[in-house]
Each structure stands twice: as structure tokens, then as C-alpha cells.
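Peer 1: Each chain, letter by letter, is given below.
4 protein chains.
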Amino acid sequence: MAGNSFGVLFRVTTFGESHGPAVGCIVDGCPAGLSLGEEAIDRELRRRRPGGGGPQSARREEDKAELLSGVFEGKTLGTPIAIMARNQDQRSDDYEELRDIYRPGHADWTWEAKYGIRDHRGGGRSSGRETLGRVAGGAVAKTLLAGFGIRIQGWTAAAAGVAAPLPGEAGFDLDAAEQNPLRMPHREIAEQALAKVEALRAQGDSAGGIVACSVHGLPPGLGEPVFGKLDALLAAAMLSIGAAKGVEFGAGFAAAAAAGSQQNDRTLRWSAGSGGDALPLPPGTPALRYETNRAGGMLGGIATGMPLAFRVAFKPTPSIAQSQQCADRRGLVREFAVPGRHDGCVCPRAVPVVEAMTALVLADLLLLHRSSRITSPEGYPFRI
Amino acid sequence: MAGNSFGVLFRVTTFGESHGPAVGCIVDGCPAGLSLGEEAIDRELRRRRPGGGGPQSARREEDKAELLSGVFEGKTLGTPIAIMARNQDQRSDDYEELRDIYRPGHADWTWEAKYGIRDHRGGGRSSGRETLGRVAGGAVAKTLLAGFGIRIQGWTAAAAGVAAPLPGEAGFDLDAAEQNPLRMPHREIAEQALAKVEALRAQGDSAGGIVACSVHGLPPGLGEPVFGKLDALLAAAMLSIGAAKGVEFGAGFAAAAAAGSQQNDRTLRWSAGSGGDALPLPPGTPALRYETNRAGGMLGGIATGMPLAFRVAFKPTPSIAQSQQCADRRGLVREFAVPGRHDGCVCPRAVPVVEAMTALVLADLLLLHRSSRITSPEGYPFRI
Amino acid sequence: MAGNSFGVLFRVTTFGESHGPAVGCIVDGCPAGLSLGEEAIDRELRRRRPGGGGPQSARREEDKAELLSGVFEGKTLGTPIAIMARNQDQRSDDYEELRDIYRPGHADWTWEAKYGIRDHRGGGRSSGRETLGRVAGGAVAKTLLAGFGIRIQGWTAAAAGVAAPLPGEAGFDLDAAEQNPLRMPHREIAEQALAKVEALRAQGDSAGGIVACSVHGLPPGLGEPVFGKLDALLAAAMLSIGAAKGVEFGAGFAAAAAAGSQQNDRTLRWSAGSGGDALPLPPGTPALRYETNRAGGMLGGIATGMPLAFRVAFKPTPSIAQSQQCADRRGLVREFAVPGRHDGCVCPRAVPVVEAMTALVLADLLLLHRSSRITSPEGYPFRI
Amino acid sequence: MAGNSFGVLFRVTTFGESHGPAVGCIVDGCPAGLSLGEEAIDRELRRRRPGGGGPQSARREEDKAELLSGVFEGKTLGTPIAIMARNQDQRSDDYEELRDIYRPGHADWTWEAKYGIRDHRGGGRSSGRETLGRVAGGAVAKTLLAGFGIRIQGWTAAAAGVAAPLPGEAGFDLDAAEQNPLRMPHREIAEQALAKVEALRAQGDSAGGIVACSVHGLPPGLGEPVFGKLDALLAAAMLSIGAAKGVEFGAGFAAAAAAGSQQNDRTLRWSAGSGGDALPLPPGTPALRYETNRAGGMLGGIATGMPLAFRVAFKPTPSIAQSQQCADRRGLVREFAVPGRHDGCVCPRAVPVVEAMTALVLADLLLLHRSSRITSPEGYPFRI
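The listed protein sequences derive, respectively, from chains X, C, Y and W.
Taken in order, the first sequence gives residues 1 to 384; the numbers are from my numbering.
Taken in order, the second sequence gives residues 1001 to 1384; the numbers are from my numbering.
Taken in order, the third sequence gives residues 2001 to 2384; the numbers are from my numbering.
Taken in order, the fourth sequence gives residues 3001 to 3384; the numbers are from my numbering.
Derived by calculation from the structure, the hints in this document are not laboratory data.
No residue lacks a Cβ here, since even glycine has one placed at the ideal position from N, Cα and C.
There could be a bad hint or two in this list.
To be verified - Listed below are the simulated DMTMM-like cross-link pairs for lysine to aspartate or glutamate, each with C-alpha atoms no more than 20 Å apart in a straight line:
no., chain 1, residue 1, chain 2, residue 2
1, C, K1075, Y, E2291
2, X, K75, W, D3100
3, W, K3064, X, E291
4, W, K3064, W, E3038
5, X, K64, W, E3066
6, Y, K2064, C, E1066
7, C, K1064, Y, E2096
As the list claims (entries may be wrong) - Covered stretches of chain W, going by a simulated chain C footprint (3 or more residues, C-beta under 8 Å):
no., region
8, 3029 to 3036
9, 3365 to 3373
Take these sequences, add in the hints, and give me the full structure.
Peer 2: Right under this line is the structure:
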């Protein structure tokens, strides 16, 4: 409960500092009998890795997941799944300069105010490298969700002030997203945005952006009221990602300026069983469908069966090559330019982290949902 | 863990349906020795109550908190504090029409999809009345925080598309906020916004808005990394409030379009002890202050000592007098106008709920923070 | 997490001091759709109430459970079930003498060492009256378990050094247990034990005893490894009851002196489906049965399908009429005889508490168990 | 919450199967600033390792702890401490025979009934090897407790029916305990007991025993009412150890046959500050001391300041060389002798596990205790 675990039944605990021996996670609560191998984890870790010509950091991270436990003969055992990746680039000397300085926009000083001690090398635990454990755990969650027909897809919706088309708008192309370095769902717009990001980087600066995410196949009814709402848990998951500064669901902040008659989604009837997305519902319950999805796929924090839709705002990478005024441990203020080569925009690398955190929320809610009502198959009073 | 509890060490569990016998909460984990009486709770409950001429619902709720346990001779015992308010207006017949219909924008259908059963009267547990337990629990948390010098203040930053000045801008007047029915920090702008809300209500419609909140006096270091970050927990708290559709911290969504050199706050030196806001820091740690507060008072999810600043987007009240297309339990679609008189804009009543949830997050983090490091007073190895 | 909640998915939180306004509980996580009324709760509360001519305290407690939430038209809603009983006998003056004294064998001094404050009236929160909330919550759990065919039965196995026959031994008669004031499963032995308890009470003294409990109908596989084992959770549940000093499962302490060949239960085959107790097992899994049950119904903390069997040792009531040496708040030592009339032996009133705590453990494990593996009915990849 | 984590604030999660790649743990919530190195962990792991000529298994386990995270320049960072040990002896072929058989007294069948799958090699996750993670985590907890002056000591109190002297009895010698293979606190009695264990082993049989544990230096007030009592948490901790069948505190089961006047400990006055064991108490609170310790160091589940004293019953090792009747996966019953060489008595190896689990309980309660009351140093309203 000290902040390094996430989830109740499907629970991930991450560990590791950027330049310590290793990073990774334990996934506790994954049901037994799920087919799982290291390749499913490596696939997601590859998506998280800094790219080639794109705006990401040039640091090499050849992360290879090692499954330490919880899988036997290709299937999950129901026991904790421990996953580890060694940190390869541990030359501490490169970071000696950071020992006594509090970089602007980073957690250096707040971390020290909290603990009285910090590992200054590469941000220590507050480094983006911590997300490796999240992505590895999220890969397990995604595998579980896939078996239930639930699919999660994230992309960069805006970068450096350049916005991609919205889903349903002309030119929106999710296939394109995984093929350009910014992960934007439109080839030309991605190129324009990349040009702006690179121009900022040439000036020793960096760019912010927005990551969007949608989820298809959620069964109506998923989500726990009143503090365990879908949006509440997703909001916590998103804001737990470094550099995230906001989140909105469905119409989001635009809803604040709308009238009720505009925001309420018009209900259409949906004949039971006709929708491939939803699970079979209890007999007698009509399955509903809505003309629009301003609700973002949930009402009262519980899934309607429409796609989940939300957006996360990311601030620009705080590490910039420009000289900035910051303080050191003696309380002196001085100019400092963060050394090294940094991500020009965090969004493309944030996409798999947003997906992973979404998967962790949904896997947990899926298991919690099993306890929401009594089921009574014939021949036995209740079912376990 | 089924969603009705919030917090780890300072933990509130709310109970009650809108038209059941009672609503309320249990606060578990409040430290012993705190002065607490029913009047501290009643004060907050009064702020939550529907007002007179304003845009709130005309339903009478004369809520009187009853303290059932946990307080003895005016002081907390360290035991669970149970607080209850009877529901007075339980005429179920008024709601018979709602038994078979799923109101648009409400959780009627999703609740039934989850549980297979719902209390249809007034929204049952998904009613805004559930927030009474939150506000009562938040009143206890506020009392605890006040002893540490931590002050929480919320207000309506925008309603029906009309925005109030930001803190620091000309005309921003928090004293005004508690004196107009919309709780906006500017008398004239509040009147303009109220006129637009009333115009919408005259058309059988409703308005959305934005609630802002700031917190002064947080000690640097508060907040748990990496999943228990200040912003992560506050985001969960805010999105757990009905009708909330988004949250942003500091510069928020604007940060997504900014450059790194604009977003990073410039560090100023702050001589230790000079700031009334912060707690004494460990010897040798300089206390920092920033020229701006685009970070919203936190870095890496840990408090910097600058004021917390965040904003929550609320959708318009979904209950509107206009006829809307919605579905009933047989799966038929029909026109339906929600009967009764409803809030024209949820923001003014959301303000005390936003404050209460903020208080619950901070009280919990304050207690969690006590375990973050070893303290060693002289004469004894460690301190408990 | 401050100690007043029990369980993860089926979670009870009790509240209340002995002489405060009320005692009770919230049950969070009970599945929706369960038939539940106040009479099911009152039935268990009656069993807990001090009896007539038996060794129990003469204090009148006419406890009437009031259901404040969570039930609608006779069925659980899946929302928190709040249950309250008013304290009727609040004459604080009777207890003024206890304000400054630490009774021997009671938690008066330790409570004050912890919190610096205590409600001295009747033991405050450390009073046996706190168990009312447990028994009420346990009644809900029992109702849930009954639907799964799980039956819990406790009795007094020994009192004042007089032991009743063991299950399977000649004369063991569970029907008799509810008909004598000590709740022992043998009429004559109960009378002998009662005579010894009354003889002790005549001397201003009290008696200890042992409560035994068995559970039939548990599905094989119930229980969470490695820290959530059936016996681990039951042990915590039992030792959380005031006056409990030990617990043993199956052969218990006798196993410590046995050889492995004596302790291991011999496996008999058990054709699938023939046992009315167990749930249908996955195809291909043989259902086992054992010749003996020295394991007490579990191996590795997971249910075998044989009856659960365990025993709890209770110390004598610490409140005795004899004068005892104890300390007061000024640190002075003096002689003190606890005033009033007290239980001669806690066992008969502990029986329903042991049963209630057992029910709470099993209801929680039943819900947790639903997440242990993936189930794949035909026609859909996985089942929620 | 799926059973592989223990503790709230000081929380350990163990992972690993006996013959998978590795076993270990994550400790989350250890305060920052504690001096910790691999040698402190290795010391405890060595105590857990199978011995030379004693009754333990001949399997070689040269466990070397690797600290993967959470420690920087010899001090804890306040971040998760991940500890791993590779499994060296993974020849799966040796275990092929166990794939289809359910060994008597082991969790083979119950594990499979739960999960539908198990790692049959060496017991998989239900192997005693899982305790390596507990002992490693317990070593961190012991280091923390040592700084507070809290010392934990376990020993074998009985083996094969031969009992060692009790603390305070003639011949009781804790120094001797670590020098004989059974860890009994009396050299000659240890030799007698060892002879009986070896005689049983010569017959292909095994022996049970009792492990006792005492804790000195606990501050009065430690322990959380009402479900988080010292004894409740310790009971859960003890019964979570494989082969444990019972636990008793202080007078334990003997209290069940005693009279109240015998069980209540007589209070002696204790002048504040005179006892080296206890922490400074709040002004005005007298520190108490008792003539005897039948309560086992706690009243109402809260520490009195007297030593904690409890005993754990262990059943004989279920793996015996004698042929036993057991079932296989096809449901056939056959004779089976567990191959290999096994512990003759689990007690000596259980001692460090009992100590580790005790340390985990106490470290968690120590951190929880910090939130029990408000503290008010001069010059500032409250203290964080």
C-alpha cells in the first residue's frame, strides 16, 4: 500500500531504479490456465523501447524480459508472475553531476524532501524506466483480456500543438499509427508534427502532446461503484504515468460547456446477441446501444458496452538542452542544462504505457466483476 | 474493496441508497485525540444542501448528522467514526414510473447490467445523495488537516460556458464564491452565468461547468510514488464524483501544446523556515520555491510545497425536462421527460464534494507519509 | 486498514463503543440478488444475547437489527449493507469508577497506551459488545454460504476443565448443544460443567473453555495460497475474538507429538458426483476422500472437501468479583473487585461469534476463489 | 490480494516455484534511510538452509540473495526492495513420477482442485522453498526492528514428543539452541530428541514438534484493534507456514482449563523510564509491569510491554519413505513411497521462518502504530 502496487485482484507491483541492478514487476492474481510466454511480453517491451529516427531518446535499451515464476509448460499457474529485466547501462559516473542538483520539472527535489535520500542516477525510481514493469505486467493483462474479446488501442492524438483527426473523422488511420515515430493516426499530419518536434529539439527544447485510447469489447456492467468506477480507476492509472497532467473521458472538458440535451447520448435499441462486442447478458435484460458516445463508454462509472474513449495530456519532456535556473542541495540557485540526449516528445513512448495501465485496470475490474451477483445454474443452488 | 471504500490508512466507507432508510459513512483510521463534534460535520453538510434561489434542485434535505461512534467527550477515540443521516423523503410512489425506464445520461441501465437489480427510486445508490457520506467523512478529514495547517478551497470556475477569473487575475474573489448560488469567485460574472443557466432551465435543459480547487499548506514530500501519486489519487477521487468527465493539474491540457522551456517552473531559492506554509524540513535540505506553478504544486506526484491546483470538468445534469429518446426494460425505445425539478448546474453542489474528496486523499497521504523514513531523535535509536 | 475491517471482497467493517450511541457494521461486497431480511440477522443476534439461568451476564440487551441500506424489496442490491443496533443501557455513572483504573486481564491500559484516550464505560470498543457487528455481518455471510450448501456449526467442547465428547464419539449430540446454557453437545456433561462454572462464580471466580467448530459442504479448492490459506485466515479471525488464546486445526497440537505415518490421512477414492458436499469439479479431476480427517479439512491451506474442523481456546472471563491487585492512572497499585455481574464462562456466547467469523472468512474466500482460473464455456472464449 | 502478499504498510510479496527459474520477494514500504546490505539477508538465509548431520533434508541449496532494487550506497531508498535467489537444482526428470500422483499430507490434490494445473516438481509453489522469500523479507524487517530495540528469538520447544525446558525453567539455554541441529535450548534434551527423530527416520517415518518464539522490546500500545490485533496477525502469519497446525499465546490452551483468578496477571507498578525495553510513553501515563506473563505480552491484542510469547505446533513432515495409500490423477488408489531424502522434523528449519513472519507482522504494526494518535510538538500544531 506504499504506492508501488496497483489493483486489487489482478495486482501488479513494480520494482527497480533506473540504474540499479534490474527493473521489473510481480503480477499477482492472474488466473491459472492462461497461455503465456516471454514473447507476449517482449512484444510490448519492444513497442516501449526508444526508436530509431524518431523523437525518442537515443539511449539503447535492449530489454529482454525474463519470466522468473508463475508459468509452467506455457500456462499460467495462478501463482505470482515475476518478470525482470537487467539494467545494462549502469555507468554511474555519467550522473555524478546530478547528485547535487534538482532538475526543473523533475521529481529530484520532491523525492528528496520525502525520503531524505535518492538515487540520482537517471532519475532513480522516478525515471521513465520504471514503466518497463508496467508494460510487462500490462502484457499479461492484455493476454487475459484478449481471451474475453477485449481490445485496447492507443495513439498520439496531438503533438507539439498539431492534432491528428479524431476517430470517425476523415483520414483517421490507426494502422498508420504504429508506422510513424510519433504514433499518430495520419501519415502526413504525423510528418508535420514531427517537423515541429524536431524544430523544438534543435532549439534545445521539447514538446507536449495528447495520447488517446479506445477499448472495444467491454461487457456492459464492468466497473465498480462508487469509488471503483471505470473512469476513477483509469484516471488514477493515467495520472500515475510521469508527465501526465490531465485526463478526460468521452466529451471530457467540452462537456463542461455543453447543454444537457447535447451531452446525453440518444438511446437506440440493440437486439440481444447481435453485437459482437458484448458478452451475453442475463435473460430479460435488453442490450442498449447509443447513437453517439459522448459518455465515453460508461455511465455512473460502469461500462455501457459502447467503446471506452479517453484522452491523456502529457507535458513536454522536462529534460531540455537549454540552460535553466534550478537549485542545488546547498540551496544555491544556478543555471543548468540537462546533459545527454532526450525524448523530444514523450507521447509515442507513452502510448504502450497508457495501454498497459488500461489493461491493468480492466483485468482487475473483470475479476472483481465476477463477484457482483449470484449466478444460479440449474442443478445447484449457486455457482462458485 | 468492492468499491465503496476510499483510502488506506484514513479510510471512508459510504453506505446508503437515495430512498432507503439512511445514508452515511464510517471513517476508519482517524487518529485519536482530535477535537470533533457534530457541528463540524453539519457545517459541511449545510454547504452541500440544495440552496434557495439558485440553480439547485428544490428537494428539501434537512440533513442532520448523527455521530454513532468514535467520539468520546468531544475527542476522537481512534476507533471507527460512524455517521448517519436518515432519508426523510421516501415516498416511493413518485418513482414508480422510473422502475422500468433507463434514463439517458444516468446509470440506470449500466447498474442493472452489472447487478441484475437496482433500486430505481431517485437513482438508488447512484444518486447524488450518496455524496452525503463523502462530505461527512471529508469534514472529519478537513478537521484533521486543519491541525496541520492545510486548507482546501474549491469554487466554480466556469458554468454554462461562462468562465470566472483565474486565481491571480483581476477580480478573482474567493470570498464572493460562497455568497452567490453558483459559487463563482466574481459577483458580476456569477450573475451572467446564472442567467445562462436559468435560460437553459427555462428550455427544459441544463448546463455543465468546471470546479477548481486549491490547497495551501501542504508539506513538501507528501504523496506516494509511483501509483499513489498525489495527482493519481486526486484524479481517482475526482472522477469518482458523478457527472465528472475530466481533471487537469496545474497547466493541464494546455501543457500538451506547450514547449518544455515554457512548462518547467523556474526555481527560486526559499530560505528554510521563512515560508509559513511548509513544515520543518530535515536539516540540510533547502526549501525551494518556484516563480510559477504550472506543475500545480507537485513533481513526480509529490508535493513541492507550492499550492495544489487542479480543475474538474462536470457534464450538465442529465435529468432534463425536455423529452428524450430512451429505452425501457423490455428493450423498447420511447420518449421520456424526467419528472420533477432538477439542478440546473451541478457545480455549486459539487464544490463541497470536490473539497471533501480532496480532504480524504490528503488525510490518507498525510498518515502514509509518516512511514516514509526513519526518524532518529537523540537518546533513542529510532522513533515510533 | 486500521484494523476495523475484515475481508477483501466480502468485507465487514464494525463500529461502535459499548456505551456510545450505537454498534453495528457495514458489509461491503455481498453479491446482488441474495434474499435477505432483518429476521435472518435477528436470529443470529438472539443466539449471541446473554441467556437466562446460564453462566452469562445478566445485562439486558434487547438488540434489534436495523437494516439501513443495501437491501431492496427483500433482495441484496450489491451495495453496502449497513446494520445498526442502538445501545440502550448507557448510564455512564455506573462506570465512573472505571475511568481511572486498569482492570487486570482487560485492555484498559494497553488501549490507553496506544491512543492516549479511551472510553472507559464498559470497556468501550474493546467490549464484547463490539461482536454484535460481527454477528450481524456473519449472518449475511451465512445466508450467502447457505445458498452454496455450506453449513457452519460451533459448540462448546470444554468448559471449566470438563470436556464434551468429540464428534464421532459416543454421546456427541449437536442438537443438545443449543438447548443447554453452556452449548455443550451432551446433556449430562453440560450439567457437570455448569456446576463447576457456577461453583467458581460463587467464589467470585470464572472459567475458561474451548469452542469447536466444523464446516460441511466446502468445495475442494477453496482457500488462497500462500498467505491467504484457509487456516491462516481462520486463525486471524479466531484470535481477533476477545479472550481467545489459541487455535488448532484437525489434530492440532497433538500432531506435534505424532509420527508422519500417523498424521497423514489415508486416501480413499471418491467417485465424482457421489458426494453431496462438493461442487462439480473440472472434468478429469478425481474427487478424493480420506479415511480420517487429521488434516482438519485442508492441505496446504486449501480445502480438501472433507469437513473443516478446528478448536479455539478461551481464557476465563477476566472480570471477576474477587479483589485483584491492579494499577490506576496515577501509577498506584491497589486492590479492586470488578463490580457488576459477569459471564461465568465466555464460551456459550463465543459460539455464535466463532461461527460468524468463520462465515466471514469463507464468504470472502468463496468470492476470491472465482478468480482462480479461467473458465471456458462453449460458444465464448472465456466467461466473466 | 490473491494471497501472495502480507502486510499493509510494510508489505512483502513472495514469488517463485520450487523448480522454476527463481524464488524471492519484493518488500514494499520499508522506510528510507535504513542501513541494509546483502549480508544481513544472507545471514538469515543461511539459518534457513538445510544443515549437515541434523534431521534436515540433504538437498543442497547454496542460496545467495541478490538485491535487485531499493538500496543505494548501503541505505534503503524507500522504494521496493526486490530480492531474488536462483533455483539451482532444476532436474525436472527426477520429479516425473510426481506428475500424476497426489502425495498424502501434501497440497498436490488441493492445489490442482483449485487451479486445474500445478507444477508438480518438488511441490511447486507449495514447496518449503517458497519460505526463502519470507526469510529474505523478514531479514529486512528484523533490521528495521533492531533499530527500535526489538529482538525476536525462536527455538524448538519440542520434537518427537520430547520437550525442552520452558523459559525461566532450569536448564533453559537459548545459546545452546543455535548450536544443535534441532535448535532446542538444552544440549542433552536436544540429543535425546534427535535420537528419537533419527529412529523414526530409520523406520521411514518423521516427527512433529513445537516452535516457540519470544519478542523483547515491544513498545506498549503496539497492535491494531479489533481485527488487526497482535495475536490475530501473528496467528495468520504462523498458520500460513506449511505444516503448522496450531498456535497459542501466553498460557494458550492451558488457559481454557484455568480459573480467572489464575489467568489474570497481577499488576506491579513500573516506574517510567526504568525499563530498558519500552519506549518513552506519553507524559502522565504510568508504565505497568506484571508479576507473570500468562497473557503472553498482550491484552486486547495490544502489547503490554511484557515479552511476546507464543508457540506453534508443526505436524510431522508428510514426505516419508514408508509406502502410503494415495490417489493418482485417474482417481486410482495405489501404494506410493515418496522418493528422496527428507527432513526428519521440520522444526529447526521452521525456526527462522517463524522469526521472519513475526518480524513482518511487527514491522507492519510499527508503521501502522505511527498513525494511531496526533502528536503535538511545541511550535507547530501537529506533527507529520
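Peer 1: Hints first: check each against the structure and report whether it holds.
Peer 2: To see whether the hints hold, each was checked on the structure:
1. K1075(C) <-> E2291(Y): Violated: K1075(C) and E2291(Y) sit about 58 Å apart, past 20 Å.
2. K75(X) <-> D3100(W): Since the Cα atoms of K75(X) and D3100(W) sit roughly 18 Å apart, the hinted pair holds (cutoff 20 Å).
3. K3064(W) <-> E291(X): Distance of about 62 Å is beyond 20 Å: violated.
4. K3064(W) <-> E3038(W): 9 Å, holds
5. K64(X) <-> E3066(W): Satisfied, since the Cα-Cα distance of roughly 19 Å is no more than 20 Å.
6. K2064(Y) <-> E1066(C): It holds: about 19 Å lies between the C-alpha atoms, which stays within 20 Å.
7. K1064(C) <-> E2096(Y): Distance ~30 Å between K1064(C) and E2096(Y) Cα, so the pair is violated.
8. 3029 to 3036: With 5 residues in contact (Cβ-Cβ under 8 Å with chain C), the coverage given for the region 3029 to 3036 of chain W holds.
9. 3365 to 3373: Coverage by chain C holds for the region 3365 to 3373 of chain W (8 residues, Cβ < 8 Å).
Comparing the model with each numbered hint stated earlier shows that hints 1, 3 and 7 do not hold.
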